[in-house]
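Chemist: Chains as they are written, first to last, in this note's numbering: chain A, 8 to 628; chain B, 4 to 225.
Don't take every hint at face value.
[Said to hold, decoys possible] Simulated DEER-style distance windows between Cβ atoms:
| id | chain 1 | residue 1 | chain 2 | residue 2 | range |
| --- | --- | --- | --- | --- | --- |
| 1 | A | Phe191 | B | Asn151 | 56 to 66 Å |
| 2 | A | Lys478 | B | Met164 | 47 to 57 Å |
| 3 | B | Glu76 | A | Lys222 | 39 to 49 Å |
| 4 | A | Val420 | B | Ser140 | 39 to 49 Å |
| 5 | A | Pro311 | B | Asn151 | 39 to 49 Å |
| 6 | B | Ala161 | A | Phe191 | 51 to 61 Å |
| 7 | A | Glu381 | B | Asn151 | 28 to 38 Å |
| 8 | A | Ser227 | B | Ala161 | 31 to 41 Å |
In case anyone wonders, no lab produced these hints; they're calculated from the structure.
Here a beta-carbon is modelled for each residue, glycine too, at the ideal position from N, C-alpha and C.
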Amino acid sequence: MHEHTKSRRRGAAAIGLWTGLLLLASCAPSAPKGAKKAATASDLQVAAMKTYVAPGDLDEYYMFSSGGHSGQVYVYGIPSMRHLSTIPVFTPYPGTGYGFDDDTKKMLGKLTWGDAHHPALSETNGDYDGRWLFINEMNGRVARIDLRDFKTKQIYGPAPNISGNHGSAFITPNSDYLIMSSRFSIPIPKGTYAPIEKYATAYKGIAAGVKIDAKTGEMSLGWEVLLPPFDWDLGDAGKGPSDGWFFLTCYNSERATGKLEVTASQRDRDYIVAINWREAEKAAKEGKGETIGGVKVIDPKTVPGIAYLMPCGKSPHGVDVSPDGKWIVGSGKLQGVTTAFNFEKVMTAIRNKSFTGEEDGIPVLKYEDIKDAEVPVGLGPLHTQFGPDGYAYTSLFVDSAIAKWKLGTWEVVDKVPMSYSIGHLAAAEGDTMHPKGKYLVGLNKLSHGRHLSVGPSQPESSQLVDITEEKMKLIYDAFTEPEPHYAQIVKADKLHPIEIYPKEENKHPLAIWDVKDAGPTRQGDKVVVKTVVVRSTITPNSVEVKEGDTVTFAITNIEQTTDELHGFGLLDYNLNIVIDPGETKTVTFKADKPGVYPYYCTNFCSALHQEMQGYLIVKPK
Amino acid sequence: MKPFIEKSNRILGSPLGLGPRGLILLAALLLLPAYLTPLWRMTMYAPQYQEGLRLEIYSYKLEGGNEGQDAKEINLLNHYIGMKELTTEEFTEFKWLPFVIGALGLLLLRAVIFGTVGSTLDVTVLFVYFSLFSLWSFAYKLWSYGHNLAPTAPVKVAPFMPPMFGGRQLANFEVYSYPGTASYALGGAAAALVAALLLSWRAARREAATAGAAGASQRGPG
C-alpha cells in the first residue's frame with residue numbers, strides 16, 4: 008500500500024515535469040501582435056468609396072510633394088493619390104524640355120541636381136492664397152513655382168554663406184519672407200579655410216530671410232543672422248500672436264564633429280532658436296551687421312533682441328506653430344516627447360530676462376519657464392500638423408505611426424500605424440491658420456514590399472489617412488517618386504491655372520505667329536532661326552548653317568488649343584525642348600558637327616505627328 | 004547511520020538493468036541535437052519588421068535569420084542604444100559548451116556499458132548542474148547585454164533585462180525568447196536520466212530488500 012502511494016506520487020511528478028516542458032515548448036508567434044488584422048469588407052468599401060475618383064471626375068485637393076534628391080516637385084490629386092504631373096525644379100527634365108532651353112538652362116546654372124525638401128505655398132493672412140509654391144534645396148537655393156502655369160520661374164541662390172539649406176522654405180503668414188538656414192555649418196564666407204578642430208569657434212551657422220516681392224513673387228536676400236555652428240534643421244514661421252518670429256530647430260548643440268550620430272547626441276536638450284525677423288529686417292535697413300560674402304550679416308551678440316534659444320528635447324527635428332499661433336510644437340526625436348511651448352511665456356521670459364546662459368551671445372531661455380506641456384506621443388516624434396477642431400497629428404518615426412492629440416488638453420486620443428517609418432506628414436492645409444482638411448498623408452521612408460517588387464530601388468510610400476472622424480483611418484497606399492520629404496495639400500478651388508498661354512500675353516522678342524515670318528537670319532557667325540510649330544509642321548523645315556556657327560532656334564507654338572504641345576528634338580546634338588500652346592522658347596547651341604541632323608516633334612500632337620520633321624544642314628568649313 | 008551507508012553503497016554498486024541502460028542511451032542520443040539545432044531562439048517584431056528578426060543561439064555559435072542578415076540588423080539597431088555587439092566571439096560559452104556536452108555524452112555511454120546506479124547518479128547530478136549553470140550563464144549574459152549600455156549612446160534607454168522565457172515589449176519591438184530544439188532535447192535527456200535513476204534505484208532497493216529478507220515470504224506487488 009505504502010509502495011503504491013509512492014509510485015503514484017512519482018507518476019504525478021513525472022507528469023508535472025512533462026507538463027512543465029510542454030509549457031516551455033511554446034514559441035514566438037509567427038507575426039507581431041496586431042498584425043494581419045484584416046480590414047473588414049465594410050471598411051474596405053468605405054475606403055474604396057472615399058478614395059475612388061471616377062474616370063473624368065476631379066480630385067478635391069492638390070498635393071505638392073517634394074521630390075527630394077530627384078530635385079523635382081510631384082503633383083498628386085487627393086483623395087485618388089493619382090500622380091498628375093511633375094514640375095521640374097532643380098534637375099533637367101527632358102519630358103518638358105526643362106534645363107535644355109536657354110532660359111531654364113541659365114536658371115539651373117551649373118548645378119544639375121538639387122535636394123528639394125520643404126515646399127511652402129504662399130500665404131495671405133495665414134492661409135494659402137494659391138499664387139506660388141516655394142521649395143528649398145540643399146545647395147543653398149530656393150525656387151519659386153508659379154501656380155498659374157505650374158512652372159518654375161525663379162531659382163534664388165546659391166545664397167551667400169548658407170551651407171546645406173535644409174531648414175527652408177518656411178514662409179511668413181503674408182509671404183513677406185521665407186527662411187533659409189545652414190544645416191552644415193562652415194567657415195564663412197564660402198571658400199574660407201578652417202581646420203575641423205576649429206569647428207566650435209570658426210564654423211558658423213546662418214539663417215537668412217529671403218524677401219518675397221508681394222506682386223511678382225521675386226525673391227531677394229533680406230537679411231542674414233549669424234548663429235552658432237549647430238546643425239539648423241527645420242523651421243516654421245510664427246502666426247497670429249507669434250507673427251514676426253521664425254523658429255528653427257537644431258541638433259548638434261554639442262558643436263561636435265566626427266561621428267555625429269554619437270557625438271551630436273550627448274546633450275539631453277538642444278534648441279529651437281526664435282528669430283525676431285521684424286527686428287532683423289529693421290537692423291538690416293539700418294545697415295547694421297558686418298559684410299560677409301558680399302552681404303550684411305547681423306550678429307546677435309552686437310544687435311541684441313534678435314534671437315533667443317528655447318531648449319527643446321534631445322535632437323529635435325520638426326518645429327510647428329499651432330494654427331492660432333499660440334503654441335510652438337517641437338519634438339525631441341531621440342526622447343519620445345513632443346513639447347508645446349507657449350509663445351506668451353516665451354515673450355514673458357524674454358521681458359523678464361529669465362535666461363540660464365548664452366551661446367555665442369544668444370540668450371538661452373529656461374525650459375520650465377516656457378513649456379506648457381510635454382505630450383507623450385510615442386517613439387521618434389518628428390513633425391506635427393494640424394487638423395480641424397484643435398487636433399494635432401505628430402509623425403512617429405520609430406513607432407512607425409501617427410499620433411493624434413488635442414491642443415490644450417494635451418491628450419493623445421488615437422494612433423494609426425504607417426507602413427513604414429514615417430518622416431513628414433502633410434495634413435490638408437495643415438500648416439495654415441485654418442486647417443479644415445479631411446485628409447492627411449503620411450510620407451513614409453520605407454515601403455517594404457507593400458507593392459509589386461520592382462527590384463532593390465524601392466519606391467517611397469505615401470499613405471492617405473481620413474481624419475474626418477475621431478478615429479483616423481488609413482484608406483490608401485500610394486508609391487511615390489524619390490523622395491517625398493514635406494508636402495503641401497491645398498483645396499483645388501484655390502488654384503486657377505491657365506490651360507494655354509494666351510497669344511496676347513506673349514511678349515517674347517523672337518515670337519512670331521505666322522509661318523511667313525519664319526526662317527534664319529545671320530549676324531556674323533550667329534544664326535537665329537525664328538521657328539513656328541503648329542500641327543503638323545515645323546517651319547522652316549530645313550535650315551542650313553555653317554560649321555562653327557552659334558545657332559538659336561526661337562520656337563513659337565502658335566496653337567491656342569489646350570494640350571497641343573509640340574516638341575523640338577535635335578538628334579545627335581543632345582537637345583530636346585517642349586513648347587506649350589502660345590509659348591516661345593529659345594535653344595542655343597554651337598553647330599560644331601558638320602553633316603545633316605534631323606529635328607522633329609517629340610511630343611505627340613496629331614495624326615501627322617510623324618511627318619512633323621525637318622533637317623539642320625551643317626556645311627563644313 | 005551505518006546501515007544507511009551500507010545500504011546506499013549496496014544500491015550504488017548495483018549494476019543497471021536493461022531498461023535504465025536503454026533510457027541512458029536515449030539520453031546520450033538526445034545530446035546530439037545540441038550540435039545540430041539551436042538551444043535558444045529569439046524573435047523580434049517591430050512595425051518596420053513585420054517578418055521579424057530572428058536570432059538562434061547554438062551551443063557553439065550565434066546565427067541570425069535571413070541567412071545571417073538578421074543578426075547584422077539587430078546589432079545595427081542595438082548600436083543606437085549603445086548595446087555591445089552580439090557576436091559568436093563575445094560568447095565564451097561557445098568555447099566550453101560543446102566540450103562539456105561531449106564529456107557528458109561520454110559519461111553517459113560509460114553508464115550504458117559499465118553502468119551502475121552510482122555512475123548514473125554521478126552523471127545525472129553533473130547533468131543537472133551543467134543545465135542549471137548554463138541557464139544561469141545565459142541569463143547573466145542577457146542581463147549584462149541589457150545593462151552594460153554605452154553611456155555615449157545616441158538613444159538613452161533605462162537598463163533592461165531582455166526576456167528569457169516569453170515575450171516583452173521593448174521600445175518599438177516585441178521581443179520573444181524561447182528554448183530551441185536542442186534545449187528540449189536536453190530537457191528530454193534530463194528526464195530520461197531521472198527516469199533511469201528512479202527505475203534502477205527502485206530495482207536495486209528491491210533487490211537489496213530481497214537479499215536482506217532471504218527466505219522470508221514473497222511480497223505481493225506494491
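Chemist: When the structure is checked against the list of hints, which entries are broken? Sort them ascending.
Modeler: As far as the earlier hints go, 1, 2, 3, 6, 8 are violated by this structure, in ascending order.
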